[in-house]
Amino acid sequence: MLAPVTHFSPITLVRRARVLPHPGKVLARTGQQVSALDVLAETNVNPEYQWLDIAHLLGISPEKTERYLQCQAGDQLARGDVIAGPYGISNRVVRAPKECRVILAGDGQVLLEGTAKPFQLKAGIPGDVVELIPDFGAVVETSGALIQGVWGNGLVDYGLMAVLAKRPDHPLVASDLDVSMRGSVILSGSCQDAEALQMADELPLRGMILSSLSMDLVPLALKVRYPLILIEGFGVKPYNSVAYKLLVTNNRREVTLNAEDWDPYTGARPEIVIPLPAPGRTTVPVEIDTFGIDKVVRVLRVPHSGQTGTIISMKGKTMFPSGLRANAAEIRLDDGNTVDLPLANLELIH
Amino acid sequence: MTAIIDAESILVIDVGSVTTRAILFEVADDRYRFIAMGTANTTAIAPFKNIGEGVRLALDDLQRVTGRVLIDSRQQLIIPAASDGTGVDRFAATISAGAPLKVAVVGLLEDVSGESARRLVQTTYSDLIYTFSLTDHRKADARLNMLVRSRPDLIVVAGGTDGGASKSLMALLESVGLACYLIPELERPDVFFVGNSELADQVSASLEGIAAVHVAANIRPTLDLERLEGAQAALAKIMGQLRVEKMSGVDDLKIWAGDEGFLPTAAAFGRVVRFLSSFLRDKKGVLGVDVGASATAIAAAIDGELALGVYPQYGLGSPLRKWADGWLFDEISNWLTVEITEDQLREYLFIKSKHPATIPVTPEEFAIEMAVVRTALQEALKKARPGFPAQLLSLSASGLLPFEPILATGSVFSRSPGPAHTALTLLDGLQPAGITTLVLDQNHIAPSIGAAAVFNPLLAVQVMDSSSFLNLGTVIAPVVNARPGQPVLKLNLVNDNGQETQAIVKQGSLEMLSLPYGQKARLSIQPFHRADIGMGAPGRGGSVTVKGGVLGVIIDARGRPLRLPKEIHKRQEAYKKWIWSLGGH
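Same order as they appear, the protein sequences are chains Y and L. Straight run, no breaks: the first sequence in this note's numbering ends on number 350. Straight run, no breaks: the second sequence in this note's numbering ends on number 585.
It cannot be assumed that every hint is accurate.
As the list claims (entries may be wrong) - Stretch-level coverage of chain L by chain Y, calculated; a stretch enters the list once three of its residues show a Cβ under 8 Å from a Cβ in chain Y:
1) 122-136
2) 215-225
3) 258-264
4) 414-425
5) 532-544
As the list claims (entries may be wrong) - Calculated Cβ distances over 10 Å to all of chain Y for the following chain L residues:
6) Arg74
7) Lys139
8) Thr362
9) Glu364
To be verified - In silico contact screen, one side only, chain L against chain Y (beta carbon under 10 Å); selected entries:
10) Ala44
11) Leu182
12) Leu393
Think of the hints as simulated: they come from the structure by calculation, not from any bench. In this text, a Cβ means the ideal position worked out from N, Cα and C, and glycines have one as well.
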């Protein structure tokens, strides 16, 4: 059975195709070294069109406007540039209301496209641009530690990581934060405290890694200006032991947070990359795998949600307390307990 | 083999958003039979982003189960079947995987053609992102901005009775054409024209070179007549084509299946329900519900006239992400039989949205899942009901919609711990009234039957009659204004051996009359307090022939609409009793 895979990898080759949501202009070039915040491509996701009724504005018939038009389709105009006119004894003119491009001109009307601030696609990870994707983006590659999360607030940034979580279940409260953390990325456990998120924004932090977050705080988490990544999910959940160990051993290292939302179709996931020199040939992590004995897994839902362990035997159809039957595996959890769980409720850890 | 059966074996691939199934039907004793099914994870999502691998694995599984070789050394499907027994004679495919289509609707009149177009759009996996009409008071540039920014996959244009309005419709089309022109070519939407038939050529010509135009019969040929069938079939094909363009690996399926044999899963399911309604001719409708990870689909048909509603927002996979933000919490809470915090419910919904293949292990999680299924069923039915065929609605003078049978499909039902849980979930979610039969599609093959039925409609009826479809039981559900505990029905069940079972049913109860599976019996029903059991008028009783299901005959006198105890402990007690009454635990 094919298994979903999540990476908590101490060293690997991270290769990410970064693509625009809509076609646009690729700015990166092959071989370019980029930081996580460098823009690879941009596109206009919210074009703003405006019809101008030239005939009405000049006070003439649509048929007459042709001879007073000062622009044509394709022209780029600055704010105040004359679109049509002058006409009449008062030398009436129609001017561009803002910086724009003329899309259509004729029949007494002009359609303008405002020059809006484009959506900029950031690299998300530091590394080398190894391939361009025409009209959409580029592939960036780097080596380092890779830790994948389950939720992110959509932002990207990087900074030195400060570990506040002395244990996997350390709860983040506002009093944990002080001015010495300004500009850093903090690692804490579960957060149920709105004040802590706000204070982190005021300092400001460059990023926050949490094991879990109260669902009530999601609207606030989407407003803060630093990237926030959850490793386990919502509610009160400690870190699984694999992710926790990996994260704390990288204390005071520069980490990059790409907190993009998880999209199963594109494969985009919130991720933490800690750039590290590759010892020899590092390979791209395994993305396709199947369940089997001795493989390390994480439990996806209750009971034992978030816990990691090792498959010690594969079982056939097994009946669970819910009354449902499913293919299962016997797992030795990291806390020493042994449990039977459906394969459908497990993911492999690489 | 009889002449009417012209293919001996039919293979259907069903690509769901969680599971890909390879289903084999074959002719045995002059009848089509469901032979076996192979399954695999769907690989539409990363890291594959190509459904091909899931299809191959499902076929491998089917080959392993049946011992029959279906794929040759070049990984090509062997079709037609060879004399050595390898391959299959026919192939069909259905697909529900993938994000819903983003659809914009442009109609002349908001509540006439606009309304019909919206209903049309609901017959496939779609997300209605934008509508506008002549009566829209937004400025032209505001409408243009919204249409361009919403980047639809498809724009449905409706309006104008046949021979009616043309000028205003062509003006609307100018805005559509302009929006298409302004959207980058790589993302340009298709346009589907279902308005005034006389303008079809003009519409195609005006958008030539700007957008791909599809045309179907006017869905509103006169002001008071809505006709969706032709457009619905065309939309199913457009949907299939857009899946080919946007999802890797689908093109191979379509090449194998051909134009006619490739359908969205919900359309195939609708086809089964329609065939059944034509075949059964019971003066009642057939109701089908398909609860899947991508969507919940409701199909209601009578005498071959189908109303299909596909509701991605009530799918039990990624759509639950929106539920996790608090949507429908009150509705779910009404069905819950376990005490959980709002955060626990959100966590459940979030995890299920990200990992739709996961299953409940504890009884508590199972209770949450079933509360969500009941909510999805009820909300989807609420949306679908106004669009049910007029003939069916005209039969519901007393508010009872007469269905025979109610067919349920979806892995949430087929993997249920037992028939009692499945039946109770359906009774709660659908709240059927009168007399009906609950039928469970045990292997989740109904949509595949619909797809395969393109080669031979007989297959639908013959396979439906097989053991793959489990009769859960005949249901008697009176509608009555009575106090809990008051007798509402007197029943006398006489089986083929002349054995009699009598029962007095009290308001508020859920009971089961024992009748062996498949055995027929005569059931006399005498209502009290003017209880309506769908025999023509409130208080009217009579005799009906009933067939025993796995739960015999179910008497659901809990009331319509069903009002559950507000206190959770009382609700827990009630459910414990009801499950017990149906022989479950």
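Checklist entry - For the stretch 215-225 of chain L, do at least 3 residues have a Cβ located nearer than 8 Å to some Cβ of chain Y? => result violated (count 0)
Item to check | Status of the L/Leu182 interface restraint (C-beta, 10 Å, chain Y) | outcome: 7 Å, holds
Item to check | Given coverage of the stretch 532-544 of chain L by chain Y, tested with a Cβ cutoff of 8 Å and a minimum of 3 residues | outcome: violated (count 0)
Next on the checklist: Checking a non-interface call: every C-beta of chain Y should be farther than 10 Å from the C-beta of L/Thr362. Is that right?
Outcome noted: At roughly 6 Å from the nearest Cβ of chain Y, L/Thr362 sits no farther out than 10 Å, so the non-interface label is violated.
Checklist entry - Would the stated hint for L/Leu393 survive a check requiring a Cβ distance to chain Y of less than 10 Å? => result 38 Å, violated
Next on the checklist: Closer than 8 Å Cβ to Cβ for three or more residues is the test here. Does the stretch 122-136 of chain L pass it with chain Y?
Outcome noted: Violated - the stretch 122-136 of chain L has 0 residues with a Cβ nearer than 8 Å to chain Y, which falls short of three.
Next on the checklist: Just to make sure I understand the rule, a stretch counts as covered if three or more of its residues have a C-beta closer than 8 Å to a C-beta of the chain. Does the stretch 414-425 of chain L meet that for chain Y?
Outcome noted: holds (count 5)
Next on the checklist: Minimum C-beta separation from L/Glu364 to chain Y exceeding 10 Å: can you confirm that?
Outcome noted: Answer for L/Glu364: violated, closest chain Y Cβ roughly 8 Å.
Item to check | Minimum Cβ-Cβ distance from L/Lys139 to chain Y exceeds 10 Å | outcome: 8 Å, violated
Checklist entry - If you take the shortest Cβ to Cβ gap from L/Ala44 to chain Y, is it below 10 Å? => result With a minimum Cβ separation of about 7 Å from chain Y (threshold 10 Å), the hint on L/Ala44 holds.
Item to check | Coverage claim, chain Y over the stretch 258-264 of chain L, checked by counting residues with Cβ within 8 Å (three needed) | outcome: violated (count 0)
Item to check | Non-interface claim for L/Arg74, where every Cβ of chain Y lies beyond 10 Å | outcome: With a cut-off of 10 Å, L/Arg74 remains clear of chain Y, as the shortest Cβ separation is near 23 Å.
Comparing the model with each earlier hint shows violations of hints 1, 2, 3, 5, 7, 8, 9 and 12; every other hint is respected.
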